Structure formats: structure tokens, C-alpha cells
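S.K.: With the hints in hand, could you dock these two chains into one complex?
Going down the list, the sequences are from chains U and P. Just so we're on the same page, our numbering is the position in the first sequence counted from 1, plus 4. Just so we're on the same page, our numbering is the position in the second sequence counted from 1, plus 45.
What the hints contain is simulated information worked out from the structure, not anything from laboratory work. Misleading hints may appear alongside valid ones.
[As the list claims (entries may be wrong)] With a cut-off of at most 20 Å between alpha-carbon atoms, the simulated SDA-like pairs for lysine to any residue come out as follows: (1) K150(U) to L120(P); (2) K150(U) to V118(P); (3) K323(U) to R217(P); (4) K36(U) to Y48(U); (5) K150(U) to M73(P); (6) K323(U) to V210(P); (7) K323(U) to L333(U); (8) K323(U) to K116(U); (9) K74(U) to M73(P); (10) K116(U) to T19(U); (11) K150(U) to F116(P); (12) K68(U) to A240(U).
[As the list claims (entries may be wrong)] Which stretches of chain U does chain P cover? Using the computed rule of at least three CB atoms under 8 Å from a CB of chain P, they are: (13) 22-31; (14) 121-131; (15) 149-160.
[As the list claims (entries may be wrong)] Using C-beta positions, here's what the derived DEER-type ranges look like: (16) V11(U) to I110(P): 35 to 41 Å; (17) W79(U) to E199(P): 52 to 58 Å; (18) T201(P) to K116(U): 49 to 55 Å; (19) V340(U) to S182(P): 17 to 23 Å; (20) L161(P) to E70(U): 45 to 51 Å; (21) E70(U) to I60(P): 32 to 38 Å; (22) I16(U) to I60(P): 28 to 34 Å; (23) R184(P) to L55(U): 48 to 54 Å; (24) L161(P) to V309(U): 54 to 60 Å.
Values in this document were obtained by computation on a predicted structure and should not be read as measured data. Glycine is no exception: its CB is placed at the ideal position from the N, C-alpha and C atoms.
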Amino acid sequence: MDLRLLVQLGIIGFTFFMLINASALLVYAERKVMGFMQQRYGPYRVGPHGLLQPLADILKLLMKEELTPKGADRWLFTLAPILAVTAAFAAFATVPWGAETTLFSLLDEPVKLGAADVNVGVLVVFAITSMGVYGIVLAGWSSNSKYSLLGGLRSSAQMISYELSYATALSAVILLAGSLSLRETVDAQAGYWLGVIPRWYVFVQPVGFLIYMIAAIAETNRAPFDFPEAEQELVAGYNTEYSSVRFALFPQAEYINMTTAAAVATDLYLGGWHGPFLPPAYGWVWFLLKVGAILFAYIWVRWTVPRYRYDQLMQFGWKWLFPASVINLIVTAALVLYFNA
Amino acid sequence: MPETLVFYLLSAIAIGASALVIGQRNPMYSVLLLIASFGALAGLYIQLDAPFVAVAQIIIYAGAIMVLFLFVVMLLNAPQEDAAEWDRTHPLRRPAIARFGSLLALLLVVELAWALLSASGIDRPVGEQAGAAAVGSVRALGRVLFTDYVFAFEATSVLILVAMVGAVVLARREGEAP
Chain U
5 MDLRLLVQLG
15 IIGFTFFMLI
25 NASALLVYAE
35 RKVMGFMQQR
45 YGPYRVGPHG
55 LLQPLADILK
65 LLMKEELTPK
75 GADRWLFTLA
85 PILAVTAAFA
95 AFATVPWGAE
105 TTLFSLLDEP
115 VKLGAADVNV
125 GVLVVFAITS
135 MGVYGIVLAG
145 WSSNSKYSLL
155 GGLRSSAQMI
165 SYELSYATAL
175 SAVILLAGSL
185 SLRETVDAQA
195 GYWLGVIPRW
205 YVFVQPVGFL
215 IYMIAAIAET
225 NRAPFDFPEA
235 EQELVAGYNT
245 EYSSVRFALF
255 PQAEYINMTT
265 AAAVATDLYL
275 GGWHGPFLPP
285 AYGWVWFLLK
295 VGAILFAYIW
305 VRWTVPRYRY
315 DQLMQFGWKW
325 LFPASVINLI
335 VTAALVLYFN
345 A
Chain P
46 MPETLVFYLL
56 SAIAIGASAL
66 VIGQRNPMYS
76 VLLLIASFGA
86 LAGLYIQLDA
96 PFVAVAQIII
106 YAGAIMVLFL
116 FVVMLLNAPQ
126 EDAAEWDRTH
136 PLRRPAIARF
146 GSLLALLLVV
156 ELAWALLSAS
166 GIDRPVGEQA
176 GAAAVGSVRA
186 LGRVLFTDYV
196 FAFEATSVLI
206 LVAMVGAVVL
216 ARREGEAP
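Isolated chain P (complex conformation) (with noise of 0.2 Å):
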């Protein structure tokens, strides 16, 4: 009984922080409930029996990713974020782009909801899952991720160097040595 009090409490959490995330008018506070819904996560992934997951999560997410992200927030020193022209107008009457940005924000609503219908176990408990097991053990995490699923593992390493590479070339002023 008390895991599924933990259960809700935590998925509240990372809700109820993501939603406020976007509803911020201070990047600085969006930064911060990210961090606090990815807290959340993490102890998620602990009530999933995956303590390796949740480490990572906190580790790469909250703790590198996330510095990132408070860095760049400073560095632009944007206090406050002023609502555009558009967004006072009635919702038929803004432009295009934005529109056309809501019909994406449907099609992920309608998406997301095929997918939750469509998925099987999700009223089991996960322990009684296959493979739930394997997914906590760091051994057998590293053995797949490194025979099964060499190629995604390579092609994001690639993909990431890509984006590295990137950003280096563009933020080189131009005529400067490299």
C-alpha cells in the first residue's frame, strides 16, 4: 500500500512540474521544476526496480544536462519571458506557424493516447513482467547495449559527435584561428 502512495506522490510530482515547466514566465524557475520532475522520474525508476536507471537519469539529465541548460539561461540573462503579440489574440485568428504548432501539440495528444491504449501489461504489475529483472542489472544492461544494440549505440555516439562538431564550427567567429 505504501508503494502506491509513493507511486502517486512521485507521478504528481513530475506532472505537476512539467505542467508548471511550461507555464513559467522565468526560465530560470522552468529550469529548476524540470530538474524536480526528473527527480521524480528517478524515483519512479527505483519503484520499478531499476536503481541503475535512476541513477543515470539523475546523473545525465538533472545533473549534466540540466547545468547546461542553467548556464545558457544565465549567460542570455533573460529574466522574463514577454508573451508574443499573437499569443493575446483569439486562438483562430494567430498566425500560420502557430496553428500550426497547436495541430502538432493535437496530433502528439491523440498519439500518446493510441499508445497507452494500445500497449499491453500496463494494468500488471511490472514485477510480474519478463525481462523486468534484466533491466536492473547493470551487467546485463552493458551486454545488450553493446551486442544487440551496437548499431543505435554507435549511430547516437556518431550523431552526438555530429552536433558537437557543429557547434564548434558555428560558434568560431569567422577569419579567427581555429
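Next up, chain U with everything else stripped away, as it sits in the complex (with noise of 0.2 Å):
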């Protein structure tokens, strides 16, 4: 086997184990954050600062007893969370993470950092990403319970309808870019607008960002979308009968969702590995800052913001939200003919 199959799956690997941890690192993150929201300290008392809360929360979930309701479909049962972590895992696949290195001149060719490089990136992400509400579906409809049901019910709806202007703020970067590749995207936000500025196109598409991120939260059913789950009304909805291990897998998946959609969101408008300061082989710390920044506002905005009532996130989604990501479309798609003519 030659060196660079074996770099390749090691970057491969590595993303994954990143991810795992991304994962645990953000339950602890959340639990923090909340608890300095509401004036209180979160989990302090497993390792130091309770660091290791994570670590005890996954062993808790493993030595439960799982549980499958009588009247569920058990192959269904089983497939919905597996389906879910899966597609999470999947979707991050096509994202650029860093520069293209030697690995500090170890290798004679440049590696790309990311698990795979493909031409139309953007699509791929994009693509699994809407995969990934099968197994929030089929999880409420398996369960044979009225409230998982309902959960799922909503969950699809709200998905389907949040997809499209999630789509439609992506188009516009495609079209500023000209690639559908997330690396070329990235390349092309390299450098400085009168010295200053950064390239990047949060400058030229901040409409684009915010819908960008307002359908990213409510595609990964996130607070203040996160009707799957209202548990005023529905106990705990999709995931209401599961427990063990298949129930872990539904907030795993989630969390590893909201880092990919921060991840495409700093390869697609926050520039993603470049930065001033550092070299570009140490473009990932930028990277990791970044993505960082966004996923501490998802969690900032979780437990600022009350949630939605049902029908105002459909209102809010196809008559506030579509009009204005197709006007945003259109607008830059009209810019850039007229300054590439």
C-alpha cells in the first residue's frame, strides 16, 4: 500500500474521530453555555470544570436497559436511528477542512484536508443532509405512539419546507463562486478588499448568511425550530419511546448536523481556512475558530430565543423566508452578470 492511500485514510479516519468528538464536546458546550445563561455553573462536579461529564453521560446511556414498544415495527425501529447518524456522519463527508499541505514536508505531494474532494461538493452535502430526515420519519412512525408520530409528522413538514430556501441561499454563493466545489469556493475567497476587508462572501451575501443560518436551524431542529421535540406538547416527540444506545443516536446525529452545517457555512461565506496571522498550513486553526463561532451562537440562540408556535414557522418559512431568498437569488444573479459582461 502506498503512502498516499494511507494519508488519505487517515485523514478520513481522523475527520470521523473528529466528529465523534465534536459531537461529545457540544453536549458539554451546551450544558456550559446554558448554565452561564441562566446564572448557574452547568456540570462541574465529574473531572475538572466538568470536563469529563460527557464522557459519563455516554457510559450512562450505554448501561440502560433498551427498551422496544410492543406495538413498533422493529426493523424500523432499529434502521430510523441508525439511518440518522449515518447521514449525519455522510453529509460531512465532501467538506474541506484545511489547505492543501505536506503535512510539515513529510510527504512529496500536497494532500487535500478533507475526507473526499469532489466536483460538486455543495450538491453532495446538500443532498445527504435531506437524507437525513428519513430517520427522524420513519423513527415517528415506527413507534406506533401517537406523540412520536406527531413529532414526525412535523419534522418532515417543516424540512421540506426549510430545504428550499436553504437551497436557494446556497445557489447564490454557486453563482458568485461560478463551482459547485467547496475547495474552489474557499480558493476563491482568498485575499483582501483594499488591503483590509477579507474576500469573504459574508460581505457580499450577508441577506444570504442569514437565511443560510435560519435554515440550517431549523433544518437540524433546533431551538427555536424545534417542534420534532416540543416536550410541552408532545413528551419528547420523535424519539419519545426510544432509550439505550438508539436513543443516543438522535442527539449524536443532531449535533454532528449543526457542525456540518457550521462547517459548509465557514467554507461557504466565512471564508473557511483563510485568515491573517497564520500561515496557510495552519489554515485549520482558522477553521476550528470559525466554526467554533458559529456553533456558540446556535447554542447562544437555543436559550435566547423562545420557541415558534407551529403555524408561524410554516408562515415564517414559505412567505417571509423563500420570497426572500429567490429576491436574493435573483438580485446576485443580475450582479454578476452585469459585472462579468
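M.R.: The following block contains the structure:
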């Protein structure tokens, strides 16, 4: 086996490992940030500053008894969490997270940091993200419980509605970059305007970025759009009947989806691994910082904004967000045509 | 050689899943098997060097249309499909409408066989055929769609719009404010 293949396999393994870590870290970060926002400490007993809390949580979930409701569809009940978490991991496959590097001149030829480099990368991410809804819908249906079914139904309606705005916001960036490859989109954002302002698309597409973030929050079923699991109305929503590891896979899928949405936002709008002060070889530090900032904003929003009402969500999605994204796309297309011609 | 193996594997999944879609009593399983079949088809498109078509297949069919199917199946809440009365009788004694259906199915099989036999270049690898590279490129696809085939493209969008308006009209109850 040649070295190149080994290195590529290593990068894929590393990406996978870091995604698992991201979900564990986000559980901790979420509880800590929530604690601070509510003027309390959050977890602090397990390990220094409660840092081992995610490990304790995972261990607890592994030890629990795994229950299957009597009326449940056994096959789909088991398949649903697997589908959810597989789609979450697979969506990250084409997201690049660093510039080409020789790993500190260890290799002769530079390798690309990222699990896979596909020339239609943006679309692959979008396609696989849209498959994630099946996990939730099937979990809701196969549980054979009213609360679960309602949660699953709401989720599919919500995801169909917000996918449109999400895709339309993405299209505007594709128009600007003139490429469907995430790596080329990132590299198109290198350099500065007037020597100070980074050439990030967020400065050209502020409306698009806002639409993308709102749609991404809805796509990942996070508050204030967390209707599939609105606990006051639906107990816990689609995962009401789940326990143990099968339950644990759903929050994990949610956190990994959040990470993917943040990573794609970083690549498309925030210039990916390009940033001042650091040499290109350390671009991944910028990438991590930007993803972390977006994820913090995610948690911040969750503990600040109360949940919408369901009809308000649909109204907002179809009557405000979607028209706004279409207008954004048309204006962007006209301007690109004007400046390129 | 591995490519041939992958081709046969994907084809087997596509055909097997499609056959099972019809055989299922539970509509939920039918929907899922159809998604598996679409996924295998997308894999075949990748083998044909058309990643854009593959991804479009996943986004549109597996991601959007099948979610709607699933939605409808869940809303109708039809867990089991009961076999019709005539399904258990001898094929020749079934009502006329069922016989007409089997006639149509037979016609489709003949048509497919005819199309396969008369298609040219089916025994050659796709890479050698002209225009195979053009299908893969999004730019080329977009240009062709909005120039040579613009009438078909616009006609299709009008057709979809008509279907959409029709659905809205049908779904609105009598006397309700629009």
C-alpha cells in the first residue's frame, strides 16, 4: 500500500473521530453555556470543570436497558437511528477543512485536508443532509405512538419547507464562486478588498448568510424551531419511545448535523481556512475557530429565543424566508451577469 | 474489473429493490425500498461519469419526492394493504379492468425489449461514446437545457405549475375563503 493512500485513509479516520468528539464536546458546551446564561454553573462535578461529563453521559446511556414498544415495527425502529446518524456522518464527507498541505514536508506531494474532494461537493452535502429527515420520520412512525408520529410529521413538513430556502441561499454563493466545488469556493475567498476586508462572501451575501443560518437551524431541528421535540406538547417528540444507545444516536446525529451546517457555512461564507496572521499550513486553526464561533451562536440562539408556534413557523418559512431567498438569488444573478459581462 | 463488480452489485440492488417495492404489503416498506433503488441508480450514474445527474437524482427523487410519498403514507395511516377480492381468483376470471392492466404490462415488457434490442452502442463502454463527457459537466448541461431544449423545459415547468394549482383548488373545501 502506498503512502498516499494511507495518508488519505488517515485523514478520513481523523475526520470521523473529530466528528464524534464534536458531538461529545457540544453536549458539554451546550450545558455549560446554558448554565452561564441562566446564572448557574452547569456540570462541574465530574472531572475538572465538569469536563468528563460527556463521558459519564455516554457511559450512562450505554448501561441503560434497551426497550422496544410492543406495537413498534421492529425493523424500522432499529433502522431509524442508524439512518439518522449515518446521514449525519456522510454529509461531512465532502466538506474540506484545510488547505493543501505536505504535513510539515513529510510528503512529496501535498494532500487535501478533507475526507473526499468532489467537484459537486455543495450538492452532495445538500443531498445527504436532505436524507437525514428519513431517520426522524421513520422513528416517529415505527414507534407506533401518537406523540412520536406527530413529531415525525412535523419534522418532515418543517424540513421540506426550509430545504427550499436553504438550497436557494446556497445557489447564490454557487453563482458568485462559479463552481460547485467547496474547495474552489473557499479558494475564491482568499485575499483582501482594499487590503483590510477579507474577501469573504458573507460581506457580499449578508442576506444570504442570514437566510442560510435560519434555514440551517430549522433543518437541524434546533430551538427556536425544535417542533419535532416540543416537550410541552409532544413529551419528547419523535424519540419518545427510544432508550439507551438507540436514543443516544438521535442527539448525536443532531449535534453532528449542527457541526456540518457550521462547517459548510464557514466554507461558503466565512472564507474557510483563510484568515490573517497564520501561515497557510495552519489554516485549519482558523477553520476550527470559525466553526466554533458559529456553533456558539447556535447554542446562544437556543437559550435566548423562545420556541415559535407551529403555524408561525410555516408562515415564516413560506411567506418570508423563501421569497427573501428568491429575491436574493435574482439580485445576485443580475449583479454577477452585470459585472462579468 | 472492480468497476464491473460494482456495476453488477448496484444493478442487482436497483432491480431487486424495485421488484420488492411491488411485492410489499406495507406501503411504508415500499417507499423505503424505492429510495434504496434510487440510491443504486445514483451510484450507476456516478459510474457513467455523471456526478451531477447522480446528485440531482438523490436530491430530487430520494430527498424531495419520496419524503412527500412518506408524508402521504403516514397521513393516510394505511398499515396493511388488503388483497382485492379478484386477486385470489384465477387470472382469466378477473374483471375486465384487471385484464386490461395485465395487457398494458405485457405491452410495456414488449416495448422495453424492443427498445433494448434496437438501441445502438449498448455493447460498448460509455466512455467511448460521443457526448458522454458533456453530460457530466454542469455547465454543458445547463447550456443545452436553456437553448436546445428550452421549449421542453418551459413546457414541463408550466405542466408542474398546472398540477400545483389543480392540487390547491382540489384541496380547498367548498365555501372556504381562498
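S.K.: Each hint needs a verdict: does it hold in this structure or not?
M.R.: Comparing the hints with the structure gives:
| no. | hint | result |
| --- | --- | --- |
| 1 | K150(U) to L120(P) | holds (12 Å) |
| 2 | K150(U) to V118(P) | holds (15 Å) |
| 3 | K323(U) to R217(P) | holds (19 Å) |
| 4 | K36(U) to Y48(U) | holds (9 Å) |
| 5 | K150(U) to M73(P) | holds (17 Å) |
| 6 | K323(U) to V210(P) | holds (17 Å) |
| 7 | K323(U) to L333(U) | holds (16 Å) |
| 8 | K323(U) to K116(U) | violated (41 Å) |
| 9 | K74(U) to M73(P) | holds (19 Å) |
| 10 | K116(U) to T19(U) | holds (12 Å) |
| 11 | K150(U) to F116(P) | holds (15 Å) |
| 12 | K68(U) to A240(U) | holds (18 Å) |
| 13 | 22-31 | violated (count 0) |
| 14 | 121-131 | holds (count 7) |
| 15 | 149-160 | holds (count 4) |
| 16 | V11(U) to I110(P): 35 to 41 Å | holds (40 Å) |
| 17 | W79(U) to E199(P): 52 to 58 Å | violated (44 Å) |
| 18 | T201(P) to K116(U): 49 to 55 Å | violated (38 Å) |
| 19 | V340(U) to S182(P): 17 to 23 Å | holds (19 Å) |
| 20 | L161(P) to E70(U): 45 to 51 Å | holds (49 Å) |
| 21 | E70(U) to I60(P): 32 to 38 Å | holds (35 Å) |
| 22 | I16(U) to I60(P): 28 to 34 Å | holds (31 Å) |
| 23 | R184(P) to L55(U): 48 to 54 Å | holds (50 Å) |
| 24 | L161(P) to V309(U): 54 to 60 Å | holds (58 Å) |
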